[in-house]
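Engineer: Okay, here's what each chain looks like letter by letter:
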Amino acid sequence: DQQVKQNSPSLSVQEGRISILNCDYTNSMFDYFLWYKKYPAEGPTFLISISSIKDKNEDGRFTVFLNKSAKHLSLHIVPSQPGDSAVYFCAASAGLTGGGNKLTFGTGTQLKVEL
Amino acid sequence: EAQVTQNPRYLITVTGKKLTVTCSQNMNHEYMSWYRQDPGLGLRQIYYSMNVEVTDKGDVPEGYKVSRKEKRNFPLILESPSPNQTSLYFCASSLYLGNSPLHFGNGTRLTVT
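Same order as they appear, the protein sequences are chains A and B. Note that the working numbering numbers the first sequence so that position 107 is 512, with each residue one more than the last. Note that the working numbering numbers the second sequence so that position 66 is 1018, with each residue one more than the last.
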């Protein structure tokens, strides 16, 4: 049972345009959401997070939006740069209520930013 | 430099030959965890540890063991590896229980023939 879903395995965007990566979840106990970026031959690195008490969090070119009623979050990258080409993982946690700081990951979306 | 270090980066072994993948972090993190990454399945948690001598199963613990004798180290042990354990493994740590981002190592690519 995939509790965190990223339905687009890949996305191609032109440099300078907006990249929108989507993520859906099914567990209503999730209250903390993160995005990780992964380059080949490296481990995932933390990008941005959002708590369920917010609906938007912004950090430079990266903005995460959370729609709790739809159980959906998205990551916007504006403007997209070639260095953003990587696999992006969405992750969710039930935080303290879930115990163990367990993160449940999606299957990832390969973003390619073309010149 | 703050980091999570895994060794080895690449490992090829045969079915049934016991192996250990080491993981060490230098950030004084309480929480450590092991994940495996497989195509189409994302990252799945194998085991985690909330502190020294405290470990618990994740989503896919079968065939694996862990120990946490020291805060900085969290080795993953495969007593009798099988081909279905061929995967990319990541160790991760975070500061505390709760909403704290994980810091990942660079991964160990394991092939079991």
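It should be emphasised that the hints constitute simulated quantities derived from the structure, not laboratory data. Computed from a predicted structure; not experimentally measured. Check before you lean on any hint, since a few could be wrong.
Pairs of lysine-lysine residues, derived as DSS-like cross-links and limited to a Cα-Cα distance of at most 27 Å, are as follows [what the hints assert, rightly or not]:
(1) A:459 x B:1021
(2) A:442 x B:1009
(3) B:1009 x A:410
(4) A:507 x B:1021
(5) B:1017 x B:970
(6) A:473 x A:507
(7) B:1021 x B:970
(8) A:442 x A:507
Engineer: So, for every hint listed, does it hold in this structure?
Structural biologist: Hints, verified against the model:
1. A:459 x B:1021: Status violated; Cα separation ~39 Å.
2. A:442 x B:1009: holds (25 Å)
3. B:1009 x A:410: holds (22 Å)
4. A:507 x B:1021: holds (21 Å)
5. B:1017 x B:970: holds (11 Å)
6. A:473 x A:507: Answer holds: residue 473 (chain A) to residue 507 (chain A) is near 20 Å, not above 27 Å.
7. B:1021 x B:970: holds (20 Å)
8. A:442 x A:507: Roughly 18 Å separates the two Cα atoms, so the pair holds.
Comparing the model with each earlier hint shows a violation of hint 1 alone; every other hint is respected.
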